[in-house]
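K.L.:
Here the protein sequences line up with chains U and W, keeping their order.
The first sequence begins at 1 in the numbering used here and counts up one residue at a time.
The second sequence begins at 1 in the numbering used here and counts up one residue at a time.
Misleading hints may appear alongside valid ones.
Quick list of simulated restraints, FRET-style, between CB atoms [as the list claims (entries may be wrong)]: (1) ARG61(W) x GLU46(U): 17 to 27 Å; (2) ALA234(U) x GLN16(W): 50 to 60 Å; (3) VAL142(U) x ARG146(W): 25 to 35 Å.
Sample of chain U residues facing chain W (criterion: CB under 7 Å; computed from the structure) [as the list claims (entries may be wrong)]: (4) ASN113; (5) ASN192; (6) PRO193.
These aren't lab readings, by the way, just hints derived from the structure by calculation.
In this text, all values refer to a predicted model and were calculated from it rather than measured experimentally.
Think of the CB as a built atom: it goes at the ideal place given N, C-alpha and C, for glycine as much as any other residue.
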Amino acid sequence: MSLRYRAISWNPQKRRYDAVMAASSGLYLALFVGVSAFTNPNATIETLLIRAFGTAALLLLHVILLIGPLCRLQPRFLPLLYNRRHLGVTTFVMGLAHGGFALFQFHALGDTNPLVSLLISNRRFDSLANFPFQPLGFIALVILFLMAATSHDFWLKQLSPVMWKRLHMLVYAAYALLIAHVALGVLQAETNPLLAGVLAAGMIVVLTVHLLAAQREHAMDKQPFETGFVAVCALGEIPEKRARVISLNGERIAVFKHDGKLSALSNVCQHQNGPLGEGRIVDGCVTCPWHGYQYLPETGVSPPPFKERVATYRVKLIDGVVYVNPEPVGQDGILSYTPSV
Amino acid sequence: MNPTEDEPFYIGYQPQPPVGLRRWLRIVIVALLALAISTALLLAFTFRRLPLSVFEFGVEREYVGVIRAQPYPLLLIKRDDRLEQFWLVGSGKHAADVNAFVGQSVKLRGTLITRDGLRMLEINSSTIKRLNHASAEALPTESLGRFTFVGEIVDSKCYLGVMNPGHTKPHRECAVRCISGGVPPLFLAHDSQGQAIALQLADAQGEPLSKEVLDFVAEPIEITGEVSRQGEWLTLRANPDTYTRK
Ligand code: HEM
Ligand code: FES
Numbered sequence: 001m002s003l004r005y006r007a008i009s010w011n012p013q014k015r016r017y018d019a020v021m022a023a024s025s026g027l028y029l030a031l032f033v034g035v036s037a038f039t040n041p042n043a044t045i046e047t048l049l050i051r052a053f054g055t056a057a058l059l060l061l062h063v064i065l066l067i068g069p070l071c072r073l074q075p076r077f078l079p080l081l082y083n084r085r086h087l088g089v090t091t092f093v094m095g096l097a098h099g100g101f102a103l104f105q106f107h108a109l110g111d112t113n114p115l116v117s118l119l120i121s122n123r124r125f126d127s128l129a130n131f132p133f134q135p136l137g138f139i140a141l142v143i144l145f146l147m148a149a150t151s152h153d154f155w156l157k158q159l160s161p162v163m164w165k166r167l168h169m170l171v172y173a174a175y176a177l178l179i180a181h182v183a184l185g186v187l188q189a190e191t192n193p194l195l196a197g198v199l200a201a202g203m204i205v206v207l208t209v210h211l212l213a214a215q216r217e218h219a220m221d222k223q224p225f226e227t228g229f230v231a232v233c234a235l236g237e238i239p240e241k242r243a244r245v246i247s248l249n250g251e252r253i254a255v256f257k258h259d260g261k262l263s264a265l266s267n268v269c270q271h272q273n274g275p276l277g278e279g280r281i282v283d284g285c286v287t288c289p290w291h292g293y294q295y296l297p298e299t300g301v302s303p304p305p306f307k308e309r310v311a312t313y314r315v316k317l318i319d320g321v322v323y324v325n326p327e328p329v330g331q332d333g334i335l336s337y338t339p340s341v
Numbered sequence: 001m002n003p004t005e006d007e008p009f010y011i012g013y014q015p016q017p018p019v020g021l022r023r024w025l026r027i028v029i030v031a032l033l034a035l036a037i038s039t040a041l042l043l044a045f046t047f048r049r050l051p052l053s054v055f056e057f058g059v060e061r062e063y064v065g066v067i068r069a070q071p072y073p074l075l076l077i078k079r080d081d082r083l084e085q086f087w088l089v090g091s092g093k094h095a096a097d098v099n100a101f102v103g104q105s106v107k108l109r110g111t112l113i114t115r116d117g118l119r120m121l122e123i124n125s126s127t128i129k130r131l132n133h134a135s136a137e138a139l140p141t142e143s144l145g146r147f148t149f150v151g152e153i154v155d156s157k158c159y160l161g162v163m164n165p166g167h168t169k170p171h172r173e174c175a176v177r178c179i180s181g182g183v184p185p186l187f188l189a190h191d192s193q194g195q196a197i198a199l200q201l202a203d204a205q206g207e208p209l210s211k212e213v214l215d216f217v218a219e220p221i222e223i224t225g226e227v228s229r230q231g232e233w234l235t236l237r238a239n240p241d242t243y244t245r246k
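For reference, chain W alone in the conformation it holds in the complex (with noise of 0.2 Å):
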């Protein structure tokens, strides 16, 4: 701390550095820049590589279906004599307002949100037009039995493309907000065989869930409810004062 050698002396407000420290500023300088290149490559590098999700954001398609809520809304497009089943919700973190047109079939125009085959659109009410041909889709409930998971509840929308991450920890705040706004909460499980499964979450009598399972969302859950089939998707139905955190 006390000098000893002649070092040279730094004043910041003169024009130049002095002569002597200049070649050890140059060092500096190269180490500054070096730990910002390989610490922003080591960090590109170990990041998780995510799955892949779509949000076709900026991009909206006409479709033509039929209004459900199976609890949630959803819209069942009738192509080649299958159904294709496609959840709806409003923009932002908002559910869709489609009160109005349950049972009826409608065009809209929707923004598509995909992941794992499971779909769903990003609408504005007010392009929804009623059509006038009959229209009885509905889908088909196919009771499974009553099954113990242990899973992760996140919102669907963020989950199936909007946000990617769109679950764990670092995501349950936006989670939050989006199932108490109206998103449909999903539950990440693994069936029997360990393979991946989602499941849509409804009460114990079958109705849509919001603010009831906030407190649950983006940690490791336990959950044992009737589990049906509607089409391409799973519904298990609990109460939510029955889950337990693991």
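Chain U with its partners taken away, still in its complex shape (with noise of 0.2 Å):
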């Protein structure tokens, strides 16, 4: 059995997210340049083919960006997430037509390099009004870029989950030097407000989401430092194959219940911090509910031939009530302890 394999390889629901995500992009691009050939018949080709990749790759973006917060408060999105490097490639791959088309237009077959050309012909860095934009989309491409080609799970390996997960924070960047690159490029000649209100609707959008959920993260963070066992919650109170997530000491927690049993391990799943609490036991695996990688309760180590490990944590049960020793035993190997019910 080769899980993890299962897990980053093509398989049928692959393939249907894959087939949602080109049916409404591909919808979104001919709608974009047919209408506006109607619409707007005096603009350009070129002019439409850049706007309609552009904007396609901005909209896709906040897709992209609430896929995560909206998991966190409703786990009924988590299929979104559940692919969600390929929304981050087709991203890229349509910012690259659009940055693409526009480089070409605009700086080739000129007297300059053309990307030499992109950095300096607008020296108006003095001026919000005229500040070039042009460079801002560029950088955001670059980071899009680096994102895409470190998507696969290769590379997390390769760089250490930490460093892959900082540079994939790197979206956010990239998402702020694009609102700059739109509001400072294209708001700038064209003046119906509604397309600044999209804009900002996308923002406050993304922006609340964001808050809620982290709302949520931190009301669950704000318990004081604890020693030795620290009770929990009420043994009724987790269902079955199903875990408890409880902050101790600034670590996340899960507490599982299953067959009788308790374990604890901790919530953060070794492949990319998906909320390991927010799983199920599966062919009694705690498995992560992002992508599917599983643990064993007992031990926090992944099924062979996988190595993975999480940290697991003493439990204890005392009329009914379910306590759990903040201090980590798992990582050495010892078993937690896990009491009949």
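Since each chain comes alone in its own frame, lean on the hints to assemble the complex.
P.N.:
This is the structure we're talking about:
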């Protein structure tokens, strides 16, 4: 059995995911260009393609940014997260089409190398309204490229999850750069307030959903420092084959109940930091809700041939109350205490 | 965040999503398609409707006339006692290389670029053939006096039709490249009646301008200078160091 390769290779649900993604992107591009050809008959086709790809990429980026916090707020969105990587790669490809067309259209066939021209043609760094907006799009494109290029699990391993996560947090920098790219670029010429309104609405939605999700996480992490066993909840509060997530001394711990046993593991999946406590026990294993990585509840170790391991914690059950010791034990291979219920 | 009700659990690598999620997933898919459709339509209807400009891309015609430089290269064609005037530019973001032909009658092939009655030809200098007949045609220059305008510097080639939109902020870098490559700079302003006018820019001596104006392109600029008329065209003469940003 090769669980990890099952998790990252092609499978029917990924194909469906990609089909929906391709259909909606294709529909977007075709509609934008097709309808603009009538509503804006004098615009050149290059302009329409540049706009279609640019706006499609930015719309997709909004969807990508929303998936994470939406899943924290409502687990039913998790199917969108499963193959988010392909959304990211598609965003990059559309951004590249937009940037590539723009680079050719506005900078090629001239007296200067197009990439140099991109960086030096506008020198009005001293003015907001005239600020060079194209280099902002270029930097964002470079970030999207780095993320797309390292999105495969191979790079997650090569770079180490911490570095990888840091690199992929740059998506927020790319987003900010692109907002500036549009606000200081096309919105300086397009006067219809609806366009600025659409951009602002997108920002407000992204910000609100992030704040709501962050608020929930924050409320959970506000516990005081504890030593020794800490009462966490009544046994009845944990549903069968599922977990309750608690925060002890800054660490999130998932306490699973399954087949008359209790076990406590780190809530942080070794793959991409997915919240294990929002997963289930499937086939006797703790199963991550993001991409389905699995861990044995007793040891925190992935079933062979995999070697991922998360920390485990000691658990006690006294008078129907579950206690957890925030001192991790699983890392050195000691079994967690698993009282029969 | 802690599960309370019995939610279906999605595992991507299983062949099918759990039964309890399928209806929801159909709703999500429809919502995503609706987002794509509505955003595409909304944006297609809200971008500014652009005015007509023409670039007969791929269509080359033969033109016979006299090449002059006033101060930028142009072709004068005599038709029924009237002189028609076309700026001449090269391919891409380059000037037309016609120095060897100034003052001569020629036959050449070019692609028409036109907007609001102003005309330009994109030519390949290697198609220019000298003709042996006399060529006296020249544009008379009529001085109109000293004026102040507020307007925008654009590159004539894109503005007249090669790109649309071919001016304002999003087009700034392209206009810089074109003017730097020798495409004549045009100044879009308004006359005292509020009519839109376009003037070709020259320095105070009437010589062509190129790199000197790059930092003033595609933003509101005030220029005071001597205006003259050459046939259908206006020229504004002023040194770029007297241009001011508005
Ligand atoms: C080399 C990189 C890039 C260059 C040279 C570039 C250039 C441009 C230019 C010239 C415009 C104005 C086009 C017009 O007249 O309508 C524009 C607009 C825009 N760009 Fe970019 N861009 C780049 C990267 C990106 C990326 C990576 C994205 C998104 C992922 C993006 C999103 C947009 C959007 C949404 C607009 C407004 C719609 C439009 O006018 O096309 N750009 N960009
Ligand atoms: S499986 Fe990817 S984060 Fe857990």
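K.L.:
Give a verdict on every hint.
P.N.:
Taking the hints in turn, this is what the structure says about them:
Separated by about 23 Å at the C-beta atoms, ARG61(W) and GLU46(U) satisfy the suggested range of 17 to 27 Å. Checked against the given bound of 50 to 60 Å, the beta carbons of ALA234(U) and GLN16(W), roughly 35 Å apart, lie outside it. At about 50 Å, the beta-carbon gap between VAL142(U) and ARG146(W) misses the expected band of 25 to 35 Å. Look at ASN113(U): its Cβ only gets to about 11 Å from chain W, farther than 7 Å, so that hint breaks.
Because the closest C-beta pair between ASN192(U) and chain W is about 5 Å apart, less than 7 Å, the hint holds. Among the interface hints, the one on PRO193(U) is violated; its C-beta lies about 9 Å from the nearest C-beta in chain W, farther than the 7 Å criterion.
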